[in-house]
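S.K.: Given these sequences and hints, build the entire structure.
Spelled out, the chains give:
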Amino acid sequence: MNLVTIFISAGTMLGLAVIFSYILGWANNAFRVEIDPRAEAAMEVLPGANCGGCSYVGCGDYAVAVAAGEAPVNLCVVGGPTCAAELAAIMGVELGETFPNYAIVHCGAHSEDRLHRSEYLGEQSCFTANLVKSIQGCVYGCLGFGDCVEACNYDAIQVIDGLATVDYEKCIGCGACAKACPRNIISINPFEKNSILVVKCANHDAGKAVKGVCKTGCIGCKACAKVSSTFTITDNLSVIDYDKYIQADTEEIDKAVKKCPVKCLGFAGKP
Amino acid sequence: MSYLTDIFLIALGAALINNFVLYYFVGICPFVGVSRRVEMAFGMGCAVTFVMTIAAFLCWILTTFVLMPGAPLSKWVAGFFVSADVAAGIDLTILSYIVYIFVIASSVQFVEMYVRKFFPVLYSSFGVFLPLITTNCAILFACLMIMSNIVGVDNPADAWDLGRALTLAIFGGVGFIIAIVIMAGIREDLELCDIPKPFQGVAITLIVGGILAMAFMGFTGVDSGLRNAMIPM
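Protein chains in written order, with the numbering used here: chain A, 1 to 271; chain B, 1001 to 1233.
Derived by calculation from the structure, the hints in this document are not laboratory data.
Hints are supplied without guarantee of correctness; some may be wrong.
[Said to hold, decoys possible] Computed spacing ranges between beta-carbons, pair by pair:
#: 1; chain 1: B; residue 1: Arg1037; chain 2: A; residue 2: Asp249; range: 56 to 62 Å
#: 2; chain 1: B; residue 1: Val1222; chain 2: A; residue 2: Pro47; range: 56 to 62 Å
#: 3; chain 1: B; residue 1: Glu1191; chain 2: A; residue 2: Glu44; range: 38 to 44 Å
#: 4; chain 1: B; residue 1: Glu1191; chain 2: A; residue 2: Phe99; range: 37 to 43 Å
#: 5; chain 1: A; residue 1: Asp36; chain 2: B; residue 2: Thr1220; range: 51 to 57 Å
#: 6; chain 1: A; residue 1: Val18; chain 2: B; residue 2: Phe1118; range: 22 to 28 Å
[Unchecked claim] Below, in silico cross-link-like pairs of lysine-lysine (DSSO-like), each with a Cα-Cα straight-line distance of 27 Å or less:
#: 7; chain 1: A; residue 1: Lys222; chain 2: A; residue 2: Lys211
#: 8; chain 1: A; residue 1: Lys259; chain 2: A; residue 2: Lys215
#: 9; chain 1: A; residue 1: Lys170; chain 2: A; residue 2: Lys211
#: 10; chain 1: A; residue 1: Lys133; chain 2: B; residue 2: Lys1197
#: 11; chain 1: A; residue 1: Lys263; chain 2: A; residue 2: Lys208
#: 12; chain 1: A; residue 1: Lys179; chain 2: B; residue 2: Lys1197
Where is the CB? At the ideal position from N, CA and C, for every residue including glycine.
M.R.: So this is what it looks like as structure tokens:
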């Protein structure tokens, strides 16, 4: 290898680089794709968390769908109302009243409230513990191994005293915890008030069986239903009709909460 | 051997007998990655064929005129600095890999812009795989094969011309399409099969690919048989 070879090699690479960059630069202008400017603007506004809470693959897909008018502007749970308002401004549409979604845990039993049948020594996860029957009396309630804690990307759920507890300051309502819970006791609900009434039980068994396994389980006694029409008893479990609850008299609700003999009605949400 | 016979044997060899994927095992990543649906696999195969042809064209030109020992362009440039017989000995084949990768990467960029503009559906279904053609070793392999048939031959008259190089690239691409489309067809049916859990996904795909390669081993020796039949000894 001599000096001339080295110089010619360098010159060859330099020449190729110049030629190809010229061709690519020309192609970049000639084949420019026109993207809907509203989609780009929507992409700027969206938080970029790609959480999938809007049921689109990512923020990019949702931005394109919004710009095409295929998706409503208020689906983003991470961005919340401010993001929805900005998207509405970009699209020039009227924004209806929206409420934030938060997770609700339908179980109120802390460790000492439950009947523990036998000690569970297996894999410390709700998913596997759920496969083993009767490690605790109640087969509907929280297992407390924290699959939901692991699923949450926002550090918004903690297991306190054996019960999953949502931190409503951090919860964005993405629904990851609801998917992770093998007993399906977490639901995502719109919060029309800062804190709303929740039935903290998911046990569908008859009252006597519930009493045997849990101190705070709903026994389907209809005490609440007698006080207010907001409550109905289906499958031995009290269910709140949230449409009626919003309009219902606060005193009536308070009375129903006090009437509950097992105290399984409680408030959830920001104080 | 006539020119057309040679072209025919190169084409048949690249497409079936020495299939890039199933004989040399290059270009496995798109073969496994983009063979879920037949139409996607066909699109990927067409893209690879297209890039391979462009790359082979540029690679043949660069090798013949710039890179090989005594190439006219480098000889001419070197002639300004050194005497003619030294200039004739300038050998730039050390640059071959870097130049080919450079050429392939640039042409992939070009194809990507082109597809994005004119075939948006194809573009969105390719996703990450279109840029991945850049690192598709099948294309570099085709370029290196062409180079070895230009630089490595003893008799300069035997060196491949542009027609032979393009034949190898186009029919190598056709062989790639054949392999990936057969694979995609099998995989579409595999989704309906009751596969044991440990074999599901990539595992069964690799096993199927291996069996497919064994099936293509049946073509081994066809080219030498044809060669003997065409040129009476």
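S.K.: For a quick check of understanding: which of the numbered hints are violated here, in increasing order?
M.R.: 9
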